[in-house]
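Undergrad: Residues per chain, in single letters:
2 protein chains.
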Amino acid sequence: MSNIVFEVGMSLDGFIAGPNGGPDNPIGDGGTDIHLWMYELKSWRKRLGMEGGIENQNDKIMRHSFERAGAYIMGRRMFDEGEQGWPEEPPFRAPVYVLTNHPRDPWVRKGGTTFTFVTEGIESALEQAKEAAGDKDIKIAGGADTIQQFLQVGLIDEFTIHLAPIFIGSGVRLFDAAVLRELEFEKEEVLDSPLVTHLRYKIK
Amino acid sequence: MSNIVFEVGMSLDGFIAGPNGGPDNPIGDGGTDIHLWMYELKSWRKRLGMEGGIENQNDKIMRHSFERAGAYIMGRRMFDEGEQGWPEEPPFRAPVYVLTNHPRDPWVRKGGTTFTFVTEGIESALEQAKEAAGDKDIKIAGGADTIQQFLQVGLIDEFTIHLAPIFIGSGVRLFDAAVLRELEFEKEEVLDSPLVTHLRYKIK
Numbered sequence: 174m175s176n177i178v179f180e181v182g183m184s185l186d187g188f189i190a191g192p193n194g195g196p197d198n199p200i201g202d203g204g205t206d207i208h209l210w211m212y213e214l215k216s217w218r219k220r221l222g223m224e225g226g227i228e229n230q231n232d233k234i235m236r237h238s239f240e241r242a243g244a245y246i247m248g249r250r251m252f253d254e255g256e257q258g259w260p261e262e263p264p265f266r267a268p269v270y271v272l273t274n275h276p277r278d279p280w281v282r283k284g285g286t287t288f289t290f291v292t293e294g295i296e297s298a299l300e301q302a303k304e305a306a307g308d309k310d311i312k313i314a315g316g317a318d319t320i321q322q323f324l325q326v327g328l329i330d331e332f333t334i335h336l337a338p339i340f341i342g343s344g345v346r347l348f349d350a351a352v353l354r355e356l357e358f359e360k361e362e363v364l365d366s367p368l369v370t371h372l373r374y375k376i377k
Numbered sequence: 174m175s176n177i178v179f180e181v182g183m184s185l186d187g188f189i190a191g192p193n194g195g196p197d198n199p200i201g202d203g204g205t206d207i208h209l210w211m212y213e214l215k216s217w218r219k220r221l222g223m224e225g226g227i228e229n230q231n232d233k234i235m236r237h238s239f240e241r242a243g244a245y246i247m248g249r250r251m252f253d254e255g256e257q258g259w260p261e262e263p264p265f266r267a268p269v270y271v272l273t274n275h276p277r278d279p280w281v282r283k284g285g286t287t288f289t290f291v292t293e294g295i296e297s298a299l300e301q302a303k304e305a306a307g308d309k310d311i312k313i314a315g316g317a318d319t320i321q322q323f324l325q326v327g328l329i330d331e332f333t334i335h336l337a338p339i340f341i342g343s344g345v346r347l348f349d350a351a352v353l354r355e356l357e358f359e360k361e362e363v364l365d366s367p368l369v370t371h372l373r374y375k376i377k
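These protein sequence lines map, in sequence, to chains A and B. Remember, our numbering sits 173 above the position in the first sequence when you count from 1. Remember, our numbering sits 173 above the position in the second sequence when you count from 1.
You can take every hint at face value.
If several chains are the same, the list does not tell them apart, and a pair holds so long as it fits within one copy or across any two.
Distance condition first, Cα-Cα at most 25 Å in a straight line; then the derived DMTMM-like pairs of lysine to aspartate or glutamate:
#, residue 1, residue 2
1, LYS375, ASP318
2, LYS360, ASP232
3, LYS360, GLU213
4, LYS215, GLU256
5, LYS377, GLU361
6, LYS375, ASP365
7, LYS233, GLU359
8, LYS377, GLU213
9, LYS377, ASP206
10, LYS219, ASP365
11, LYS309, GLU262
12, LYS377, ASP202
13, LYS233, GLU361
14, LYS375, ASP202
15, LYS360, ASP202
16, LYS215, GLU359
17, LYS303, GLU331
18, LYS303, GLU240
19, LYS377, ASP365
I should point out that these hints are in silico values taken from the structure, not numbers from a laboratory.
Please build the complete structure, drawing on both the sequences and the hints.
TA: Structure, rendered in structure tokens:
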């Protein structure tokens, strides 16, 4: 069955990106440190067209996550930050629906990634993503605003935080909305490793 | 050897207290939910003069934490919020040094808890706490401002976050200072249970 999920790297002080982010500085100052655990993994390197890499519990988690993703939804700012930097064959390898106010023709990339620009809001994006995902998961890729929007309307089934043992200090907070208080969830699983703690939660 | 430590319950969105906190509403709206894992524990109940309670991994963690604490340091606001509510025999059972601008005679309570009011700043409080703690730990009890102050001047050796699977939405954030970015730490241990994930970190 298709679940609507998100998973995101977060610093211990709650940031998913550092300050001064933009197309030339995609995850903001210091932001790449949040994802240190990923860069050495075989499944991550493979998605970026690189050889080698480590196969361990983290790699298994990442591989499983890639395999389960049937479609992605992302906010316009995340797309703008990534557009220049993603390789010709972006790591998604599935349809990506970009929430935006600016109509644009679909952008077909190599390896199965097509960016489709949705101007009719999150419900429309979700409908198209469901169609595309089949029985795989629909992943809300980010950024924080988009994730909070989906959380607030109760559309998320499950989410995973990859908690990094660092402070970012300022930038983009993942959870920054008073209305989130209403949401009830329970912890499903915690898996730990030196550079990251994976915390998986299920919305009630 | 005496370590300077803090341990604190935090919601997944980074709060250690809800909004509208004060002497009549000690942990703010919804704040007690952060500590749900504690209330059933034998060692917690014992400290509050109650019989019974559960003995499990969480209880062991809490008992160890109480046993290791040789002295506490807390901010004035935390003291003000607790003063009315703490029982005649407060759960600290060790000297507590309160950072304040208002001189006041020591307040001696039953069971070993004496509140001493320190007007000369954190270094002075720390000196007195060290003297009192012997080879036990000095615990920075809170609130968030006091903890951040100790972190920023590099005085913390180790800290534990008791991460609760809830959102608080607004209130008092534990980590809310850009300068924290400079701090380097590593994860020492993660212990999980349904109501709480204990994350222990060591400052480098």
